[in-house]
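Novice: Starting from the known structure of chain D, arrange chain G on it as the hints suggest.
Number of protein chains: 2
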Amino acid sequence: MQKVLVAGIGITKFGEHWEKSLRELAVEASLQAINDAGIDKNKIDALWIGNMSSGRFIGQEHLGALIAGELGLNVPSTRIEAACASGGLAIRHAYLSILSGKIDCALVIGVEKMTDLPTEEATITLATASDQEWEAYYGVTFPGLYAMIAKRHMHDFGTTREQLALVAVKNHEHASLNPIAQFRNKITVEDVLSSSPVAEPLNLLDCSPITDGAAAILLCRENFVKVEKPVYLVASGHAVDTIALHERKSLTELKATKLAAKMAYEEAKIKPKEIDIAEVHDCFTIAEIIAYEDLGFCEKGEGGKLIEQGETRLNGSIPVNTSGGLKACGHPVGATGVKQAVEVVLQLREEAGKRQVKHAQRALTHNVGGSGATCVVHIWEKGF
Amino acid sequence: MQKVLVAGIGITKFGEHWEKSLRELAVEASLQAINDAGIDKNKIDALWIGNMSSGRFIGQEHLGALIAGELGLNVPSTRIEAACASGGLAIRHAYLSILSGKIDCALVIGVEKMTDLPTEEATITLATASDQEWEAYYGVTFPGLYAMIAKRHMHDFGTTREQLALVAVKNHEHASLNPIAQFRNKITVEDVLSSSPVAEPLNLLDCSPITDGAAAILLCRENFVKVEKPVYLVASGHAVDTIALHERKSLTELKATKLAAKMAYEEAKIKPKEIDIAEVHDCFTIAEIIAYEDLGFCEKGEGGKLIEQGETRLNGSIPVNTSGGLKACGHPVGATGVKQAVEVVLQLREEAGKRQVKHAQRALTHNVGGSGATCVVHIWEKGF
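So the protein sequences, as listed, match chains D and G.
Letter 205 of the first sequence, counting from 1, is numbered 205 in this note's numbering, and no numbers are missing.
Basically this note's numbering = 1-based index in the second sequence + 1000.
Since the hints were made in silico from the structure, they are not lab data.
Here are the simulated DSSO-like cross-link-like pairs (lysine-lysine), alpha carbons at most 30 angstroms apart as the crow flies:
(1) D:358 to D:3
(2) G:1102 to D:226
(3) D:102 to G:1273
(4) G:1226 to G:1102
(5) D:229 to D:358
(6) D:300 to D:271
(7) D:262 to G:1043
(8) G:1269 to D:43
(9) G:1300 to G:1151
(10) D:249 to G:1041
For reference, chain D alone in the conformation it holds in the complex (with noise of 0.2 angstroms):
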């Protein structure tokens, strides 16, 4: 079986980018990642731009050609739009085309320029990734269904305010440590607990934040191009649910996240433990909790005390979020998936910095749009 390599990886900083237009930071991260793979631009096969909603952010939809255009590269591109986990979709089908035969390399880009529309409207355009007539139309944003879910998972296994405030402590201590990040400064669970209520029992701090931003992925089949230091994307998982929370049996658990992580556990013939560090979905403070049980990093109802014992932490027994995640190293949310894929492989190369964690071999990536109702997961093992 044909292995998918991963050649070159490109990040723009994380932020308010009222400077630069979404083409640009598309560019900036593409030329990135071509440069990083040593490889002529002309060699690239396909395009994979993964894109919640320029068309409401900016007015530009079409963006597989736009992209294209702008690169200055007259081949095939498209265009995925799958929420939050554009970018993670965006991966698997470049991935799939790669293990297809008909690609020899594609670069997927995942960006979005949030901040051009104020934060209300911002808002009710995220709110387009739920039900609009079952959910947004009668006023629910995500910060409420989230809300929802975090009620249910505290009420039924006796997870704390503390815990949830945890996960916002623990990704901004590794934001702290990534050039990239949005947020760079340290908070305490005081902190989490005392700013503004936005959704009982979710406060600000307990919310990823708006952003702008751009990542690449240049992925090629095994022997196209030489890289130094090898990683490959061994598998790839992707399940969807109902989009809309009623509809569900439980809301203590994303079944698409369940169904996906199978698909990608089997493909690579391993199990949970067998990952050394992921970067998973944390919308919010309660998705980073679930994301650690439907992820089987423990079991069910556990989440919240595997945060309080710092198993997550960087120097934990499975770091989680090392980029500082959604939280604080921001949520840009077409780039979102493809940003985890840079920052694992930043890992597994050990060019991660000051965020190094020692001695990892297999990451994983976790990527969700809405509420839970796509779910993207990839593996992504060293290769050196």
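Specialist: The following block gives chain G in isolation, referenced to the frame of chain D:
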């Protein structure tokens, strides 16, 4: 080489569906396709959704998960966006996924619900398929872009105003025979020439309308299901060009069409003259004339003469847009590429009723995004 079989097709009425939502249109077309194939829906391995701008039109992104949920299907589902070529590009990716051997049976759904927005806002939304920074921002809309193309074609090749009008006349004539078409009234050249000016030289009747509708096609690997009248998808081409007109070398051809057509003809190992019928992207009358040339149905500059000679009418040597085309059948942007496929499958199966073309063995579909920045070309063959 594995062949890709059309197992089923479905389509809604095209027009103004005040009483139906996007999800209802998508489900209606999907169930028709599933019933047409006579298979259990749980045999479907993957969904592909072609949609341009549901985020703006109805405040709903994340259609992959949404439509899977509405259909009660828990399989990987991906939304593809490539402006008005979204439907065609969704078909292409389903086709490639089957060729990869990873997918046995894929349902492709093209859908757009456009009439929930006032016409002016719909026009602004359509302009997000052009270059926002270099075109839309300055007030140009699609009629303006295609008007520039038309003027240059008339200047360079002597194409006449009447030849443009004849495209609309033909397509309305075809639509009068198509029960699902939006406009079934026949019109005359005089009607076109005396309709309201939109962007000189294009009048109202040179322009495709704003439409609601959905179309679906179920594609399988060859032996996955037995069908009475097999039609095969035998080739697929996809290419991009710069999104902004001013960056192109020529205004009178679409390079993306020429590249995508070349790719498809080479894969099918045929020449343009071996195509019996075609559905081409006539978003404006000039677009159909240029498509004749770029697809090789006539020499460069001879497109006006081809329509004038009646060669592309139902009884001509190469009937084009037997459905009524975008002009008269209607243009729900994300659905159009799939509707084109449904129409040629009906023709090849000899199920096209009063608009049936005799002895058609091979068909081409041509789906364009924007003013030509994306093009997808497919070739279909009768298998009985």
